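J.: Protein sequences, first through last, are from chains L and G. Counting from 1, position 24 in the first sequence corresponds to residue 24 in the working numbering; the numbering is continuous, with no gaps. Counting from 1, position 273 in the second sequence corresponds to residue 273 in the working numbering; the numbering is continuous, with no gaps.
Just so you know, these hints were derived from the structure itself, not from any lab. Be aware that one or more of the hints could be misleading.
Covered stretches of chain L, going by a simulated chain G footprint (3 or more residues, C-beta under 8 Å) [what the hints assert, rightly or not]:
#1 3–10
#2 14–23
#3 37–46
#4 72–84
#5 89–96
Being a predicted model, the structure only gives us computed values, none of them experimental. All C-beta atoms, glycine included, are put in the ideal place defined by N, C-alpha and C.
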Amino acid sequence: MWAIIRRAIVPAVLLAGGLASLIYGAIFHTVPVVEDHESETTIEVPAEFSPQPPMGENFAPDGAPFAAPLRMVKKKVTRVETVAALESEPAAMRDASVGGIELLESGELKRALVSNEGPALCPS
Amino acid sequence: MVSMAKEKSSRMARLARGRVWVQAAFLLAWLDPLMIRMHTICGPVFHCYSCPWATFACPIGVLANFSAFGIVPFAAIGTLLVAGAVFGSFVCGWACPFGFLQDVVGWIPTRKFPLPAWLSGFRYVVLAVFVLAIPFVWGEGHPLFFCRLCPAGALEGAVPNVARLAITGQPIVWPTATKWIILAVFGLAMLFVWRPWCTLFCPLGAIYGLLNHVSIFFLRFHRDSCRDCELCRNLCLDRGRPEQRIDSMRCVRCLACTKCRAVTVETVLTRLDKDASG
């Protein structure tokens, strides 16, 4: 009986360790990945062309130079923000398989491709 | 005890005859028949996840890529430990698609040259240097990054993708010349050496080989049943010496040697008699 227990203890420990590692990696382990987020916002900018006041109206009644009011227009712009997110290990595994994560020189991981489709090309 | 061993051995020999069907069934499972890519899950076998028909992620590809990122791949390590602790290198002999390919090419009747046993130690160099150290130090851009050299990646990833691009009329991105040369060399080697990749280079086989000594299932040589007929030695596809190195790190547990009644498959829960070794 003791011989069987002695023989079984190493595989049992390895199996338990493997299961623990698998569960931790699949459920709890996360990887910090930065990604560029594009957002569209509306801002007010000066109009590109402001018509000059007609001749003879360049001066206000008190003789001071006439200051044409600055005309503002609304414009839609796209902002790119780099945000950090935590990605699960399985998701990082999938992204690595499509070359969807790259290591920056700063040591950070950056999402290079946002796609849930299969690999278009061998990442190597 | 001798008759029990004989009965077990003949049962295993029958199972070994069906190995090719088991390998074919596993191949079908790895080739994503339902077209549901599950690359968030690490598979236990050597099958490139750049392959258009890969169901799971390649454990060695995950180890190499995560090493380049400086992240510990807990899920991949867990998968390898679980598969290795239960089955050891049964995975190589019965489930691995790249091993199956080498077996199939090996059926071509050419002369097979045996390799010295110590050469299989090179697999640990491949694991330590090409899979872990080079990616960790130089990243995945290094020309010696494991996936750039892997013949399975060339065959299962690069070739189908080149074909797909050619068929759909898109500009073809050719793999590197190094990859083609490695693929050609291994294709040729498969004709003259039994499972050259598994024997000499496979880092996954290196991991499972280490776990062979402590796995729940193991091979056992019954000295009391041995008649010194060298049958087990002749049956071994790897030209190993089952009577001396049963279940060695190089063994893929194909069970060919179980046609000899002195070799059986046991579990750690089997009661062993005192006279037997292994």
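J.: If a hint holds in the structure, say so; if it does not, say that too.
T.: Against the structure, the hints:
no.: 1; hint: 3–10; result: holds (count 5)
no.: 2; hint: 14–23; result: holds (count 9)
no.: 3; hint: 37–46; result: violated (count 0)
no.: 4; hint: 72–84; result: violated (count 0)
no.: 5; hint: 89–96; result: holds (count 7)
Going down the numbered hints, you'll see the structure goes against 3, 4, while the others check out.
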